[in-house]
Amino acid sequence: MVQIKISEDFSEDPGLRHCSISDESGEEFYHKILNDAFYNALTSSEKLILNLDGGSGYAPSFLDEAIGNLIYDFTLQNVKNYLTIISLEEPEWIEYLEKETYLQWENRRLKNEQPKKTITHQPWYRFVDGDLIKKSW
Amino acid sequence: MSIWITNENSGVISAWTGIIGTVVSLFFGLWIAISLQIKLTSKRVIKDHLINEVRTLNDFYFHFLNDLVEDKRNVKGLISLFKTMSIKISKLMDIIHRHYEIDQSFLSTYQIGLRNIILGCPEYESGYETGGVLILTQDTINELMAFRQRNEHLFNDLILKINSSVVDKKIEI
Chain D
2 MVQIKISEDF SEDPGLRHCS ISDESGEEFY HKILNDAFYN ALTSSEKLIL NLDGGSGYAP
62 SFLDEAIGNL IYDFTLQNVK NYLTIISLEE PEWIEYLEKE TYLQWENRRL KNEQPKKTIT
122 HQPWYRFVDG DLIKKSW
Chain U
-1 MSIWITNENS GVISAWTGII GTVVSLFFGL WIAISLQIKL TSKRVIKDHL INEVRTLNDF
59 YFHFLNDLVE DKRNVKGLIS LFKTMSIKIS KLMDIIHRHY EIDQSFLSTY QIGLRNIILG
119 CPEYESGYET GGVLILTQDT INELMAFRQR NEHLFNDLIL KINSSVVDKK IEI
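Line order of the protein sequences matches chains D and U. Note that my numbering has the first sequence beginning at 2, numbered continuously upward. Note that my numbering has the second sequence beginning at -1, numbered continuously upward.
In short, the hints are calculated from the structure, not lab data. Treat the hints with care, since some could be wrong.
Stated by the list, open to error - Derived pair list, reagent style DSBU-like, types lysine-lysine, alpha-carbon separation capped at 35 Å:
#  : chain 1 : residue 1 : chain 2 : residue 2
1  : U       : K81       : D       : K33
2  : D       : K100      : U       : K70
3  : D       : K100      : U       : K86
4  : D       : K48       : U       : K86
5  : U       : K89       : U       : K37
6  : D       : K112      : D       : K6
7  : U       : K81       : D       : K117
8  : U       : K86       : D       : K6
9  : D       : K48       : U       : K81
10 : D       : K100      : U       : K89
11 : U       : K86       : D       : K81
12 : D       : K100      : U       : K45
13 : D       : K48       : D       : K118
14 : D       : K112      : D       : K135
15 : D       : K135      : D       : K100
16 : D       : K81       : D       : K33
17 : D       : K33       : U       : K89
Please put together the full structure from these sequences, using the hints given.
The structure is reproduced here in structure tokens:
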């Protein structure tokens, strides 16, 4: 079981949704840390723990973009099976993500509405027809 | 020394026994009444304290929203302010839940909704990197006012629920 604590492994002051509007954005966190970490968890059939505690807090757009991209690339079912989110300080984030982000981004995935990328990223993993493929999508 | 019960002193003994019995009964009666009163008073004090905390929260949000509308809040610090409020509400709701079994997520709609409007509005995003005063557009102000009208009852509903609650579990704080 691998744990990522955003305040320790990424930033104590996470920014907003996209790299174009703030440093340390949800987009950056996803592409620098979360995509690879989730790929490793999925391929080794282990749970990835995402710990939201610590740090100065989050804008909803940061979490929506990071977790939303994860759902878009790996499907909601895989995220539900292999991701556990811990948020003891602000437990309402769990409710927000499960009620809003999960469903909206799964719908986007089914409708093939590509997430916006505001900078060029290194190739990243995506689950396509049962295979995990790494490229710049 | 031995004590003999005779016809003369048996009356005195039974009188004393009666008196002692009455005193003991009176003492226990008083003890029960006082303990019950203390217990009821302490339960009421806890209720009043928690109700007061909910009122304070409501007042905070009332002034906070007014400040936002009147351009008195800086962009910087809003995320951490929401986090501080969130932790405060979470701890308060935990105590309320343990005392009165009221749903811990009673105010979640308010917290999530308000945070989404303010931290998700274009004015906040455009001012995020530079900082400074958050100046809301009329559209966002209208959205905030509508949100307030739709959700402000939650605080009063919570106060009514606490006040009318009969459940008060003995808990360790």
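Taking the hints in turn, this is what the structure says about them:
1. Between U/K81 and D/K33 the alpha-carbon distance is near 25 Å, which keeps this suggested pair within the 35 Å criterion.
2. Only pairs whose Cα atoms come within 35 Å are accepted, and D/K100 paired with U/K70 is accepted, the gap being roughly 32 Å.
3. Restraint check for D/K100 and U/K86: satisfied, since their Cα atoms lie roughly 23 Å apart, inside the 35 Å limit.
4. For a cut-off of 35 Å, the pair hint linking D/K48 to U/K86 stands: about 30 Å separates their Cα positions.
5. A C-alpha spacing of about 24 Å is found between U/K89 and U/K37, which places the hinted pair at or below 35 Å, so the restraint holds.
6. Restraint check for D/K112 and D/K6: satisfied, since their Cα atoms lie roughly 32 Å apart, inside the 35 Å limit.
7. Note on U/K81 and D/K117: the hinted pairing holds, with a Cα-Cα distance of about 27 Å set against a maximum of 35 Å.
8. Our distance criterion of 35 Å between C-alpha atoms is met by U/K86 and D/K6, whose separation comes to about 22 Å.
9. In summary, the hint linking D/K48 to U/K81 is supported, as the alpha carbons are separated by about 27 Å, within the 35 Å threshold.
10. For the hint pairing D/K100 with U/K89, the CA-to-CA distance comes to about 22 Å; that is within 35 Å, so the pair holds.
11. Annotation: proposed proximity of U/K86 to D/K81 holds, straight-line Cα distance about 29 Å (limit 35 Å).
12. Of the supplied pair hints, the one linking D/K100 and U/K45 holds, its CA atoms being roughly 32 Å apart against a limit of 35 Å.
13. Between D/K48 and D/K118 the CA atoms are separated by roughly 27 Å; this keeps the pair inside 35 Å, and the hint holds.
14. The suggested pairing of D/K112 with D/K135 holds, with an alpha-carbon distance near 21 Å, which does not exceed 35 Å.
15. A distance of roughly 29 Å separates the Cα atoms of D/K135 and D/K100; the hinted pair therefore holds under the 35 Å criterion.
16. In summary, the hint linking D/K81 to D/K33 is supported, as the alpha carbons are separated by about 21 Å, within the 35 Å threshold.
17. Under the criterion of a C-alpha separation no larger than 35 Å, the hint pairing D/K33 with U/K89 is consistent with the structure, at around 34 Å.
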